[in-house]
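A.B. asks: The residues making up each chain are set out below.
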Amino acid sequence: MSTATAVPIIAAPLVHSGATTKRFYRAWLTALLFPLTSGVIFYGWRTLGVVAAAGAAAMAGTLVWRRVGPRGPLIPFFSTLISALLLALTLPALPTRGNDPIVIAAFAGLTLAFVSWLVAGRGWARLHPTAAAHLVAAALFAAALVPNWTLQRSRAVLGDLRAGGRATPPVLASEPWMSRPPMRGQDAVWAEPASQELLRYTTGREWPQREALPLQSLIRDHLPPLEDLVVGGHPGPIGTSSAIAVIVGGLFLLYRHVIDFRIPLWIVISAYITLVALPTPTAVGHSGPTHTWFASFDPRVQWVTGITFVHYELMASPLLFMAFFLATWPAVRPMSRRSRMVYAALIGIAAAAAQMYVSTAHGPYLALLLVNAATPLLERLGRGGAVR
Amino acid sequence: MAEFDSRHPEALRTPLARVAGSTAARRPTDGWPAAFTRPSTPNVLVLPLHDAGPHAEWVGRSCRAGEPLAPGVIAPIGGRIEAIETARTIGGRVGPALRLAVDAAMEEPAPIPSISFDRAMAELEGIGQADLAEWTGRLTAAGVHADRWTSPDWTRQLHAAAATPIRAVVCAATDVDPELNLNVALLRDAPAEVVAGAALLGKLVGAGVWLAVDEGTPAKSIEAACDAARLARVRIVTVAAEFPNSHPALMLRRIMKVGYDAGQLPTHAGVVWLDAAAATAVGRNWLRGSPASHQPIVVFDGLSSRRRRLIVPRGMALRDVLAAINLNPVGLTLFVGGPIRDRRVSLDDVVDADETTIHALPISRPVTSAPCVRCGDCLDGCPTRVDPIGILDAAQRRDVGRANQLGLSACIECGVCSFTCPARLPLLQTIRAVRAMTEA
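Sequence lines, in order, name chains B and R.
Be aware that the first sequence starts at 1, since it is given in the working numbering, and climbs by one per residue.
Be aware that the second sequence starts at 1, since it is given in the working numbering, and climbs by one per residue.
Simulated from the structure, these hints should not be mistaken for lab results.
Just so we're clear, the structure is a prediction, and the values are computed from it rather than from any experiment.
Beta carbons are placed, not taken as given, at the ideal position from N, Cα and C, and that holds for glycine.
Any given hint might turn out to be false.
Some, not all, of what chain R presents toward chain B, calculated at C-beta under 10 Å [what the hints assert, rightly or not]:
1. Thr333
2. Ile340
3. Ser369
4. Arg374
5. Ile389
6. Pro422
7. Leu428
8. Gln429
If you want the ones that stay clear, here's a sample from chain B, every Cβ over 12 Å from chain R, calculated [as the list claims (entries may be wrong)]:
9. Thr30
10. Leu33
11. Phe34
12. Leu140
13. Pro170
14. Leu172
15. Ala212
16. Val268
17. Thr290
Isolated chain R, as found in the complex (with noise of 0.2 Å):
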């Protein structure tokens, strides 16, 4: 690991035209990169709920795009609510949602004038420790959360973080797959509202802030960036995030050598951390005044190797995404997180503010495990020393004691194991099996 070298010999640009002419590449009407593709909205768009209600009262009621309508959730287009009914979200979570059928006809609303940079920057100066109550209000308000492998439930991790001492934020600009590189894309193309986002969470828990960087990305594709960090005093290192190094409690360890339980959140280990699309979030709603309506998102083609980063309104269901890009997904199977994570998801699962990493691959029927041959290749492969064999067993003679002694707080269901084992063992997908059982 070591401190990022940002210098380029272009004497006749300041860091901070830099940072400004990287807006050059942008949509006008929303401010997201240009290299993002906003596929057309679709007749209806089903909005998860993140409170307990009442909702019934949303029920016939038009809304407006920007319009907040429950907490934490804003309408990304205008329309009319016509129900509630129960979605589940790509990332997994079940629970209420609010079905929208969209009216293109409806106004869009004006759009408030953003903030520079270097006005940011100085606006920086006033704000401190005091502010995280509001600023944590305003943000939850405005739909800014994340909750995924690379950036872990981010309004707990605010929330905790008003209690708990706090000595570093880390931005991290790394992917489960380094071939699609989503957090990459969006800090070589929205450097400011990644720099900005994470530069005000780190006045808002009074710490220092950290840019991760995969030790891959070449220099020249982020010298925005790096010179919006300089600016920000951010300081960027470059780590190895092949997977699953890319998952916090692993980078953590390598970059700060703090370590924290994968079942916990990083603010245990005194760090608040989020990707590069969280902290753009953060960044837009404070340099735009954008609400966090929509959802970077990258989808890999696993027949065509093509990789599609679009920027998707929050609600809209997988099977409208993947018509919008011309995807076929018969015979495809979808994963999201990474496909060794082996998370898969249904056409009906709707984009929301968690996972954002989304594989359609042709794969084949699975085929049936075999006994264990006790090659120890799960234990060897495991990133954080859990004996994933060892808990299939326990899983089996019911002895959740000795499943958790054998580490089953500690794996961050990365799938290595799963992934290396020749017998074709289940273990990843008994390990959660065992944590849900032991939750409920």
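For reference, chain B alone in the conformation it holds in the complex (with noise of 0.2 Å):
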């Protein structure tokens, strides 16, 4: 074709679906109000201001973007919305004592709009600007934006998170979210998030208080009943710490049809393989902790142990949530099917080592910015498979 031909104007179809845009996009956000509504039973109405916060701080941003330079009008309004909306499920509703949640909140919007400008145009398929926005602001306000606080069952929605007291006694903690009888005179209990616990055990950084720490007492002693990270009612982030939630949120993005099974399936079914291979410690001495592969059939531990961890492992973090709404989102995601599969191997794989080593926080989302980064070369090698 030479340069000299003039390509033809042509017009839009006139028999058509009648799917639109705007539909599209509505089916993502009726999914997320699913994350958000657990946010809101388990952390209260200031999960609300926190939402408000990056929403109108992304928008705000946004409107200023889109007048700087040439990439600024091709900055999709409805899509960083729907990204700020993602963003604000990531953080906190009450992050440590003595920082304001809105202020991060806001501050991590103004990023998103930013990075939004920055991708616009030609840099789609290279960044999620959800989990870069996190990334920057897990960076900046590091252990600011750890969660200490959950409502007691008897004041979920409507109780105050700063309304809080005392940590739950251990002889409580071990009770569900769901049963756990009330402490009277606060809304809130205080509690060490699993994701703290785990990350210093795999790191080693974990001190045990007598001669070693077995992983067997780990998961007895430090760390909530896993039916709290399934159902909710530990700390987390707002929309990130009830699985259910996560779930039945994807599972409407499913039924939409608007993302694709491959990519959430093959996501989890990659990090479990490889959260049971990967070194993990048997047990941590003081002289650090004793990396074993494939820990789960190590004789020092029972079977039904190691799986226990790996479930744990993936309820902590927010890897589901990554999975089904961060990884699936088309602007980062491989188009044809073949590369949708390689694309959720490789950032399940990722997400595993980086949440055992680096952050099990923050882990995925590293995990999902560094194999966007290959999404262009997937998509290439993915497409031409015509039937001929």
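Hints in hand, dock the two standalone chains.
C.D. replies: Put into structure tokens, the structure is as follows:
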């Protein structure tokens, strides 16, 4: 085709299924209501303030950046709105004492707007704005982003996270949130998030009180009931701490044919296998951790304990949220089916390694960004499979 | 896909009698099924020509109905040739055409005695591959031709069959739009012609004959066709033929597990492919000696949701076709070959040996396209796994090589990509434009 040949102006098709991009984005917004609702239930009305702050800041930033340079007008408005909501769901409703969640959320929203401007146009399919903005906030605010508070069941939704008091006594901490008796005089209770406990153990930073801390003791004495990570009721980010809410939202997206089931499926499968295989400390002593490949099958560790550890890793990290809502984002995932499976498998492997040895709370986002950089290459390799 | 069970507990009627009985519902004048309406002939017909010419000698001459005018062009009715002009067929072919002023007073030729189906089957025994060239010439001269979605360039297929080993002849009684089921109606109402035409082709190319029927077709409605097929040793197969699976490239993959590029002919895969309408034309020429001067078409009225099956003379403008069936085209958009394929025609386009399905739909103004959201629906919906959005991107970059890599030649132009795209991108139209530029 010679450069002198004019490309004809072609009109949109007349006969159409009725699908629109607005309906497409509306499906995403509806799906995000599920993790948002779980956040409001477990962390109260302050959750909405964080969401509003992140959203408003992102929209305000977008309006400003849209006027900057030739890339500005290319920032998609609806897409950025959903990215802002996703970002808010990755933040805690109440960070560590002394830090204002609204300020942090607003900063993250402005960062999101800048990243969206940075990747507008030619940058799509290389960088997920939500993951990038979250990691920037995590790098800058570090310990401030560690969530420690959860509302008691008797004060769900309406309680105030700031009206907290003592930490849950160990005898009560082993009870699931759903059946735990309330502590009088406080809306919220303090607890160390499971992601922090797991990371200290896997990186060997967990200092044993006795001679050594075996894996069984970690699970029995230091981690919350697994049910609290599945249903909710343990300190965590707004939208990622209830696996059920995340899965229901993801299933809604699947039902509306908005996402490809291959991506979350292969992320979870590859992450699971990788977590089983990766060197895991069978015990942490004063001299450091004793890492073992395939720890679940080590004679010193019962396989039930090993598998339970893997389940904790999956539930305590935002892996499921990343798998259903971030990795499936159309702008960053490959278009062809073949490429998506490879893409998902790579993310799962990278996420498992990142959350084990870098950060349980932020590792999946880091893995997503790393694999996103390879998305264009995966796309080129996966295309061209026409049936002849 | 399964073998069709055509048994029916009517012990009092023999298969041959059922086949012969199907001729009862025919018009005595021309032998077309009575269920097909024959609209009144307009004052002018514009007959597309199929050869380069010269044709100037025809201007001013009179002709009778059925008289050969030019290679492959038969006068549907008597009249006087006024001029040579440029015309566009509803299939999109633009070229010279003979303008025929109809003279209804001209005497109709005497009908040629037709032969019965069983006699035809007896004659079939003496026909072989050595007769292919002769029959190709005869059928071409009689105007028997087809070039559409359900029946690729039939004349080129026959010529290719002379040089290529053919493993099967497939006659597909399936339609672009199953609701309109023109080919099914022909199979039901003219089974002798359809089966005879397909069987003849099988003998000429030395291959077995398959009759493909949509699995949703009621068995009772085509029992005469099944009997005829059994008598002619034609194998019947059922296949899911919902759009876009009615395309030969996709159906062939289902029936015989062989494929070919959409831009090629089915003979590339060793198959001669035609639809029931084309087989009817072959069968009519053999059984009745009828030239292919008229074309069976079906018109769907989108306002009343009625379909009208017609036998129209070739060269009749769509304007006259719609007027004859009292369909006011104001506010309607005309599509051929199915609305999703987005092939629009104008009222001045004329009926020829190509498309047979016309949808007249009340379509509002088109909306503008939005930026691609990378949903992937176009890739997931494509039946041949072409990459439509990638081709659009390649077209914008003027990278034809990349467009070919992404499956440009495999595209069957079904339009599913454009139909499902939430951003309403003109994917199909872009593919057509890129192909046109490549061919130019």
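A.B. asks: Would you mind marking each hint as holding or not holding in the structure?
C.D. replies: Hint-by-hint comparison with the structure:
| no. | hint | verdict |
| --- | --- | --- |
| 1 | Thr333 | 6 Å, holds |
| 2 | Ile340 | 6 Å, holds |
| 3 | Ser369 | 5 Å, holds |
| 4 | Arg374 | 4 Å, holds |
| 5 | Ile389 | 7 Å, holds |
| 6 | Pro422 | 4 Å, holds |
| 7 | Leu428 | 7 Å, holds |
| 8 | Gln429 | 4 Å, holds |
| 9 | Thr30 | 16 Å, holds |
| 10 | Leu33 | 20 Å, holds |
| 11 | Phe34 | 21 Å, holds |
| 12 | Leu140 | 30 Å, holds |
| 13 | Pro170 | 49 Å, holds |
| 14 | Leu172 | 48 Å, holds |
| 15 | Ala212 | 51 Å, holds |
| 16 | Val268 | 20 Å, holds |
| 17 | Thr290 | 46 Å, holds |
Taken one by one, the earlier hints all hold for this structure without exception.
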